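A.B. asks: Given next are the chains, with one letter for each unit.
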Amino acid sequence: MRVCGSLGHAADERVTAMSTLLGDPPTVLDRPTAALRGTATIRWNSPGAEAASWSPTPLPEKLPADARHIAAQHDAFSLVVPDSGDPYLHAGISGAAPVYVDTAGEPTGGAHGTYLCSHVEPLARTRRGPLRPDWDAWAQILAMGGPLEGRTPFAGIRRLPPYARLTATAGGACELSTTGWPWPEVTSSSEASLDTVRDALTASVGALGERARFAPLLSGGWDSRILTTLAARTECAGLTAWTTSSDTGTVLEELVSAQVAGTLGIEHAIVPARRDRFSHDLAYFTEAVEHQTSFHVWLVPLATALAGNGATVLDGLGGGVFLGGAFPDSGGDGPVLDRRFSRMAKYLDAVGDVLHPNVAGQVAERTRASFDTVAEPLADHPYGNTFTAYLTRTLPGISLSPFGLLSRGNPVATPFLDDSVVRAALAIPHAEHAEGSLYAPLLRPLAPELAELPTAAEIPQARRHHRRRVASPEAAERFRELLSREPVRGLLAPGFAAASTETWRRMLDRTNQQHLIRSLATMSLWFQRYEDLLGDVPPDELREPVT
Amino acid sequence: MTMQLWLRPAHHYTRLRIGALGPVPGPAGELVDRDLLAEDGQRGYEASDPGVDLVLVPGAGDGGPARLSGAVLDALIRCERYTVPTVLVAAGHADLDTPVAAVCRDIAGTDAEVLGDARRRFGSDRVHHLPEPAGRRVPGGSATSVAGQGRARHRRRYLPLLKALARGVGLFTPRSPLTSLRTRLGLSGRMRHRCGTAR
Numbered sequence: 001m002r003v004c005g006s007l008g009h010a011a012d013e014r015v016t017a018m019s020t021l022l023g024d025p026p027t028v029l030d031r032p033t034a035a036l037r038g039t040a041t042i043r044w045n046s047p048g049a050e051a052a053s054w055s056p057t058p059l060p061e062k063l064p065a066d067a068r069h070i071a072a073q074h075d076a077f078s079l080v081v082p083d084s085g086d087p088y089l090h091a092g093i094s095g096a097a098p099v100y101v102d103t104a105g106e107p108t109g110g111a112h113g114t115y116l117c118s119h120v121e122p123l124a125r126t127r128r129g130p131l132r133p134d135w136d137a138w139a140q141i142l143a144m145g146g147p148l149e150g151r152t153p154f155a156g157i158r159r160l161p162p163y164a165r166l167t168a169t170a171g172g173a174c175e176l177s178t179t180g181w182p183w184p185e186v187t188s189s190s191e192a193s194l195d196t197v198r199d200a201l202t203a204s205v206g207a208l209g210e211r212a213r214f215a216p217l218l219s220g221g222w223d224s225r226i227l228t229t230l231a232a233r234t235e236c237a238g239l240t241a242w243t244t245s246s247d248t249g250t251v252l253e254e255l256v257s258a259q260v261a262g263t264l265g266i267e268h269a270i271v272p273a274r275r276d277r278f279s280h281d282l283a284y285f286t287e288a289v290e291h292q293t294s295f296h297v298w299l300v301p302l303a304t305a306l307a308g309n310g311a312t313v314l315d316g317l318g319g320g321v322f323l324g325g326a327f328p329d330s331g332g333d334g335p336v337l338d339r340r341f342s343r344m345a346k347y348l349d350a351v352g353d354v355l356h357p358n359v360a361g362q363v364a365e366r367t368r369a370s371f372d373t374v375a376e377p378l379a380d381h382p383y384g385n386t387f388t389a390y391l392t393r394t395l396p397g398i399s400l401s402p403f404g405l406l407s408r409g410n411p412v413a414t415p416f417l418d419d420s421v422v423r424a425a426l427a428i429p430h431a432e433h434a435e436g437s438l439y440a441p442l443l444r445p446l447a448p449e450l451a452e453l454p455t456a457a458e459i460p461q462a463r464r465h466h467r468r469r470v471a472s473p474e475a476a477e478r479f480r481e482l483l484s485r486e487p488v489r490g491l492l493a494p495g496f497a498a499a500s501t502e503t504w505r506r507m508l509d510r511t512n513q514q515h516l517i518r519s520l521a522t523m524s525l526w527f528q529r530y531e532d533l534l535g536d537v538p539p540d541e542l543r544e545p546v547t
Numbered sequence: 001m002t003m004q005l006w007l008r009p010a011h012h013y014t015r016l017r018i019g020a021l022g023p024v025p026g027p028a029g030e031l032v033d034r035d036l037l038a039e040d041g042q043r044g045y046e047a048s049d050p051g052v053d054l055v056l057v058p059g060a061g062d063g064g065p066a067r068l069s070g071a072v073l074d075a076l077i078r079c080e081r082y083t084v085p086t087v088l089v090a091a092g093h094a095d096l097d098t099p100v101a102a103v104c105r106d107i108a109g110t111d112a113e114v115l116g117d118a119r120r121r122f123g124s125d126r127v128h129h130l131p132e133p134a135g136r137r138v139p140g141g142s143a144t145s146v147a148g149q150g151r152a153r154h155r156r157r158y159l160p161l162l163k164a165l166a167r168g169v170g171l172f173t174p175r176s177p178l179t180s181l182r183t184r185l186g187l188s189g190r191m192r193h194r195c196g197t198a199r
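Protein chains in written order, with full-length UniProt numbering: chain A, 1 to 547; chain B, 1 to 199.
Source of the hints: derived by calculation from the structure; they are not laboratory data. Predicted model, so just to flag it, every value in this text is computed and none were measured. A portion of the hints provided could be inaccurate.
[To be verified] If we take Cβ atoms under 8 angstroms as the criterion, some of the chain B residues that face chain A in the derived model are:
#  : residue
1  : Gly63
2  : Ala66
3  : Ser69
4  : Leu73
5  : Ile77
6  : Arg81
7  : Tyr82
8  : Pro85
9  : Asp117
10 : Arg121
11 : Phe122
12 : Gly123
13 : Asp125
14 : Arg157
[As the list claims (entries may be wrong)] Label pairs and their calculated CB-CB ranges:
#  : chain 1 : residue 1 : chain 2 : residue 2 : range
15 : B       : Ser69     : A       : Glu458    : 57 to 65 angstroms
16 : B       : Arg119    : A       : Pro460    : 28 to 36 angstroms
17 : B       : Gly150    : A       : Ala307    : 36 to 44 angstroms
18 : A       : Gly308    : B       : Asp49     : 44 to 52 angstroms
Using N, Cα and C, we set each Cβ at its ideal position, and we do this for glycine too.
Construct the entire structure; sequences and hints are all you get.
C.D. replies: Shown next, in the form of structure tokens:
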């Protein structure tokens with residue numbers, strides 16, 4: 001899915017330039033106050049308005065003539081141009097699929113407008129005026145795995161939050177409204193039933209199956225098992241489930257997924273990662289997610305194997321958070337915000353090994369400030385831990401695997417983020433979600449045998465003994481080469497760049513250290529890609545001591 | 001690493017306990033103590049520790065398993081649960097393409113071209129060349145025909161092959177030449193046989 005456009009009195013030239021960078025998708029809307037070009041878009045009209053909607057998930061041919069309904073029912077974006085009134089852009093309800101806007105660039109040809117795009121790069125490359133790194137975003141990519149509050153690596157280019165509405169006013173300004181997101185307003189009830197969640201999931205996958213062919217991703221966990229089961233019930237013949245190694249030193253994921261596929265009687269494809277493709281896969285991933293996260297580099301072999309086959313990838317995004325009780329609050333006496341921050345920013349535990357002391361301080365401070373902005377209003381919410389995890393980890397980082405990497409080559413669907421599924425899950429009291437206890441009862445009526453089959457995480461294993469590609473000699477050398485380049489080198493702990501390959505491999509074998517190294521490599525590749533736009537940018541801001 | 005390892009007493013290697021998933025062709029097959037696929041009643045997650053140090057998996061081209069199903073899947077889960085290294089014995093390029101190959105910990109073989117392909121795919125540290133055994137081979141030799149000549153004696157002929165497997169999967173960790181010499185001279189107290197404890 002490739003989309004670009006503008007709101008308000010914008011310059012056509014910039015939209016044309018962005019469109020060229022996206023491969024010249026067709027024009028969908030062309031009005032004085034709004035323009036849209038893109039693929040996978042659906043035009044619709046309501047009395048007194050002209051509009052178009054889009055989503056990385058296949059949409060039905062007919063949509064309800066209301067942007068809010070489209071956002072809720074199909075998690076799609078809509079650009080609406082009323083005959084009288086201000087044009088606006090409405091975001092999908094989950095916020096998982098990104099749309100980026102640039103509201104801070106210098107006027108192009110005297111035109112004040114807001115430019116929007118499904119990708120960051122066209123906005124960056126067509127911007128007039130200065131372009132500089134958003135060092136807060138980079139601090140958060142290092143500490144949490146993704147930039148918070150809608151930041152991107154470029155200052156001034158922002159990702160729209162869930163259910164946001166961007167309106168171009170008559171005066172030329174653009175107003176962003178983020179109120180009215182309905183999910184935090186859902187109240188739980190002791191009468192809520194898991195049947196409602198199951199029915200909503202079944203309906204979501206079933207409706208999608210009427211207009212799409214599925215390629216379910218299958219790991220050793222619950223979320224993908226449930227989606228694959230529903231896909232197998234919807235698609236009677238020819239279904240293949242797809243698995244690759246998550247490169248964590250065990251093959252239980254592959255083995256358990258083979259059991260699941262065998263039980264369902266469907267084909268199962270395991271796509272192994274190639275050692276000699278590590279550098280390629282790292283570069284492919286960082287480009288696909290536009291250098292905003294480094295979470296799922298291991299998914300690239302699967303994404304490239306699926307790319308272009310036309311099937312809609314089923315991804316379990318959101319299942320663990322909204323249904324599985326993931327990221328529960330830890331016990332302890334400290335303030336709840338402190339505990340949530342420690343959990344979500346756990347990579348900070350390793351900053352001393354990898355980062356210069358001043359940089360470590362800057363990263364922690366810049367991340368905590370944004371984290372508090374997001375998490376503080378949720379501190380006392382019954383699902384505060386859930387929404388905090390969703391807004392500070394799932395959306396900024398994890399969501400870019402389906403809606404960045406996989407969507408590069410295929411339509412993608414994430415049924416656990418269907419509005420009816422999330423509402424039904426949140427209606428169940430928080431405590432009942434603990435430790436994934438809803439999964440087996442949810443699956444039992446659909447596939448009793450699979451409800452009893454242990455997940456990969458539930459099988460006791462003495463030690464993870466498989467050699468990890470990310471900690472291989474080839475990967476260590478590549479990481480060292482990337483991190484030894486300026487300006488990233490200046491962020492490293494003294495002596496780290498010159499340490500032996502064995503030291504680097506040891507670091508890469510540890511979760512937190514590896515995360516920091518991957519994120520710094522992402523930064524290095526970002527500077528390489530945008531060298532022509534950014535020029536020589538010393539990371540002085542990140543090296544200043546925290547006062 | 002080679003300098004550090006060659007002084008290790010040979011009998012450490014001859015004590016390796018080797019399992020397999022089906023008949024393994026070639027010299028490596030003569031070292032197999034147990035075929036895990038022949039063991040009934042070892043299904044699911046309650047299966048016992050296989051009690052071997054490593055498991056050889058014949059390539060699909062040699063009649064080995066290709067698909068992850070049935071007894072093969074049960075045996076591989078059993079190995080994974082108890083951290084038993086699995087070594088695919090690959091004779092052809094196609095042996096590297098199967099789902100079973102995708103879950104084996106290491107790759108071993110004798111064909112230089114196949115091993116070169118495997119190194120590009122899996123990495124040099126996961127691919128091991130199996131040397132030919134020393135001396136005359138026993139026609140039709142197998143684990144069962146070994147009984148008459150003594151296990152250790154039989155296995156000494158396969159020492160290079162055993163060393164390649166043991167070192168390849170990391171059952172024996174390197175130690176200093178001085179420590180090795182002290183061990184050989186009986187100066188280091190009891191000798192440490194690390195088979196079965198390194199996992």
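A.B. asks: Confirm or reject each hint.
C.D. replies: Each hint tested on the structure:
Annotation: interface hint on B:Gly63 violated; nearest CB of chain A at approximately 20 angstroms, more than 8 angstroms. Taking 8 angstroms as the C-beta cut-off, the interface hint given for B:Ala66 is violated, the closest approach to chain A being about 12 angstroms. Against a cut-off of 8 angstroms between C-beta atoms, the interface hint on B:Ser69 holds, since the closest Cβ of chain A lies about 5 angstroms away. Look at B:Leu73: its Cβ gets to within about 6 angstroms of chain A, closer than 8 angstroms, so that hint holds up.
The restraint placing B:Ile77 at the interface with chain A holds, with a minimum CB-CB distance near 5 angstroms, inside the 8 angstroms limit. At a threshold of 8 angstroms, the smallest CB-CB gap from B:Arg81 to chain A is about 6 angstroms, leaving the interface hint in force. Residue-level restraint check for B:Tyr82 holds (minimum Cβ-Cβ distance to chain A is 6 angstroms; threshold 8 angstroms). About 7 angstroms separates the beta-carbon of B:Pro85 from the nearest beta-carbon of chain A, less than 8 angstroms, and the hint is met.
Because the beta carbon of B:Asp117 sits about 10 angstroms from the nearest beta carbon in chain A, more than 8 angstroms, this interface hint is broken. The beta carbon of B:Arg121 comes within 5 angstroms of a beta carbon in chain A, closer than 8 angstroms, and the hint placing it at the interface holds. The interface hint given for B:Phe122 holds, since its Cβ lies 6 angstroms from the closest Cβ of chain A, which is under the 8 angstroms cut-off. At its closest, the beta carbon of B:Gly123 sits 4 angstroms from a beta carbon of chain A; the interface hint therefore holds under the 8 angstroms criterion.
For B:Asp125, the suggested interface contact is upheld, since its CB lies about 6 angstroms from the closest CB of chain A, less than 8 angstroms. Of the supplied interface hints, the one on B:Arg157 is violated, with its beta-carbon coming no nearer than about 29 angstroms to a beta-carbon of chain A, more than 8 angstroms. Our hint of 57 to 65 angstroms for B:Ser69 and A:Glu458 is violated, since their Cβ atoms are close to 21 angstroms apart. A hinted range of 28 to 36 angstroms for the beta carbons of B:Arg119 and A:Pro460 is consistent with their spacing of about 33 angstroms.
Range check, B:Gly150 to A:Ala307: Cβ separation about 58 angstroms, and the 36 to 44 angstroms hint is violated. Hint check: A:Gly308 to B:Asp49, Cβ distance near 45 angstroms, so the stated range 44 to 52 angstroms holds.
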